[in-house]
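Colleague: Spelled out from the first residue to the last, the chains are:
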Amino acid sequence: MQKIQSSLEKIREEIEGFYDQKSWHFLTLNGVALSNEKLEVQWIFSKYATPDEVVVYYIEVPYDVEIPSIADIIPSAIISQRELVDMFGIAVEGSTKGLYLDEDSMQTPLKGCQI
Amino acid sequence: MSRKTINIPLGAQHISLLEPVRFKFECENEKIVGVDSDVGFVHRGVERACTTKFKFDAVGYVVARICGLCAITHSLAYTVAAENLLGAQVTAKAAYLRTLLLELDRIHSHMLCLSHTCENAGFEAMFMQIMGDRELVMEIQELISGNRVQFDYICIGGVNRDITAELGKKILENLTLVEKKVREYKDEFLNNWSLSLKFRGVGALSLEDAYRFNAIGPLARAAGLQTDVRNEMSYLPYKEIGFVMQMQESGDIHARNMVRLDEIQNSIEMCRNIVNGLPEGEIITKIKGKPQGETIVRYEAPRGELMYYVKGNGSAMLDRVRIKTPTFSSIPAFSEIFLGQEYADAPAILASFDPCLSCTAK
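Just so you know, the sequences run in chain order A and B. Numbering-wise (my numbering), the first sequence opens with residue 1 and increments by one. Numbering-wise (my numbering), the second sequence opens with residue 1 and increments by one.
The set of hints was computed from the structure by calculation and includes no laboratory data. Note that beta-carbon positions come from the ideal geometry of N, C-alpha and C, so glycine has one too. One or more of the hints may lead you astray.
Chain B regions said to be covered by chain A (calculated; three or more residues, Cβ under 8 Å) [claimed, not checked]: (1) 42-48; (2) 208-215; (3) 222-231; (4) 303-311; (5) 319-326.
Okay, chain B solo, but in the shape it has when bound (with noise of 0.2 Å):
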């Protein structure tokens, strides 16, 4: 007997996700049996701008419009990138002011997807809480860097602001309020049925599966596969200010949402390290000449690895910039968990992932 299925789409425009992304599932009555995706409604040409309409020391500042989420991280992957064909290093409070934001970023990006995870468990009261809570970190990022999203904070040769004693206490007094909130936020999505048990099993990857698809960020964690960039690159302080890899095994909703929550928490344990040790020094290196020869810069974004390859020819255009982001290359996975899965189900999947399309289509 042939089997009759029927195709559902999700997307390009759906509640779950204000993102343009478009799944076409076929489904077998409820049960998900094949899924085709496309993620190109949104392609911007920024790599070719990169390299024929913007100079060099501009191109930090323009791939840091890929992504209002995590644009410091594109903007540090690109900035190493280049320094690495300058050949020049930044200071140790350089490097500790750049990683007191991308960790900040990270605190934000992951409380966005958790009040997301609530909003499609319909668990609208949390989702507002911490989306309340999350201007905590907004509102130090804006005092560290002039702005809420668009930092252009990361420069050539250092960062472009330095943090007063002033700013440094109020960024302590903020983390530990938010400190709190996560520890609540933890109790719920450990204990409250719409958080927990509707999500555990829910949407797994196996640790088996995440080798095999090259799975990233906290979608590997969550099922055992330990990989973090920041475990795996030396040109920041990561081993000096207490990064810890945070490990689950199970693969599934729940098990996301709990990295994310460690992540937080482990970040917010560093970014006090910073500004509590906070070397002495200039925030920035004058650096001069023209890149020259190639270069990958891989950082760990909130979603996962983020890779940058810049050639440079030794003028003030370069031959090429390559970004790969982390959700780009979670595609072939994302489809990979939904097979087999409910479709009532897939739009909290989907949240699970913490898709980026402004990434993905950059």
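Chain A with its partners taken away, still in its complex shape (with noise of 0.2 Å):
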């Protein structure tokens, strides 16, 4: 597993510059809660025919910006990027609370421990 460091402000465009759909396929968006009050937020690829490759973007935000989407880049994104918004409560530009959880919940599942 390689992982990429970026930022908010240049994930968006070094994903676009990254991704070839013919070489490369997008697995998830995940997320993972820091102890620092933070959220790590990886973009996750492999590569299609060879062993073990995979490729991992990834940046450490604060839980109060807003993610930008990459789903106008990579379509199948968008249901992995609602996901993100229900279990963490951070904003991903262009989508909603309400895949898992009610759309009006406050509940955070996957942010710390906060049930």
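Could you use the hints to bring the two separately framed chains together as a complex?
Modeller: This is the structure we're talking about:
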């Protein structure tokens, strides 16, 4: 697994430059709650027909920022963007709450222990 | 002139799929022109439970409860991730036995999907026939693992039970019977009007859209996208036991059925090679320590790519377990396929996706 750190400002541009749909397969968007009140957001890719080659772009951000959407670059990302909104309560451009939780739910199940 | 459309729901409870998913189709006459989906009816919070309620060595058994059909694939993906973080490797025999149960699981899961496809075509007799024959595989699974559904067979370090020579013989006998049945199904799926001509050209996904929507599993391979995690990983001995990627090109319901039938035949061949060439050795290796670091493990579940991200901190409780299931990431592709199709075909198209909502809303 190769991890590449990026920033909130550059991540969209970097994924757009990296992603070639014939070579790379987008797995999912992932969030990892960090101990310093920050969230690590990961965009995970694997290479077609290549054993064990996985690339992870990631950024570390506070919970009060908006993550840029990549759904116009990778349409299948839309559903994991919605999941990130539900599970961590972080805003993702163009994604609303309500995939798993109620639309007006105050819960953020994977953000620390706030249930 | 403004376009007149009506909204027709399919689900959350529908006769064609006994799982809680709701599609809202916007229809212009009979044609579907818009799709909205809701998959979150039974969210159970398994990811959170894995990091707050259970120690790392129990998590493999917890994630097996995500799905009744592909429980073994969840156990495998998590367990391999935990072994990666512990720096451990299993014996060749354990890897072979894991692969045996994984491929048996694929056979009965594909048989279930094919039977539902028959049911949606109004071919009730074939539905009953395949479900009955599927018991041959379930019987072997029970004899190997002790259970029909929740196997709890894979554990950190290897597997929990060995197979005897007598059991090996029984496995080969049942597989021979299943193989004969599958040849008969294939003839029906190729030549029977209800199962072949009716589904040719229906619910098709183009190769271009398969790439665009990151299609996986039989959905992708039926459209000609050459992707199968069994071909893209090295922790199970697929190269040694005769794995062959099964492909079609038309991307329609018929092609998906044919991919599954071909995969059953290839899985039977692989199971036979495993039983006949099972290495000597221990089935379990004692492993000490606590998981530290992060890892990603992928496996080809019957419905496509399953991914586990696991992060450990050196203690018995994990920091994060992220589970990406095949149906979850296929929802955008499903929605795309429905566009332009007749509403009357929607239940059959949905059944051909072989969706698993238990996995999706883990």
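Colleague: For each hint, tell me whether it holds in the structure or not.
Modeller: Against the structure, the hints:
1. 42-48: Our answer is that it holds, as 4 residues pass the Cβ test (under 8 Å) against chain A, meeting three.
2. 208-215: holds (count 4)
3. 222-231: holds (count 3)
4. 303-311: It holds: at least three residues are needed, and the region 303-311 of chain B offers 4 whose Cβ sits within less than 8 Å of chain A.
5. 319-326: holds (count 4)
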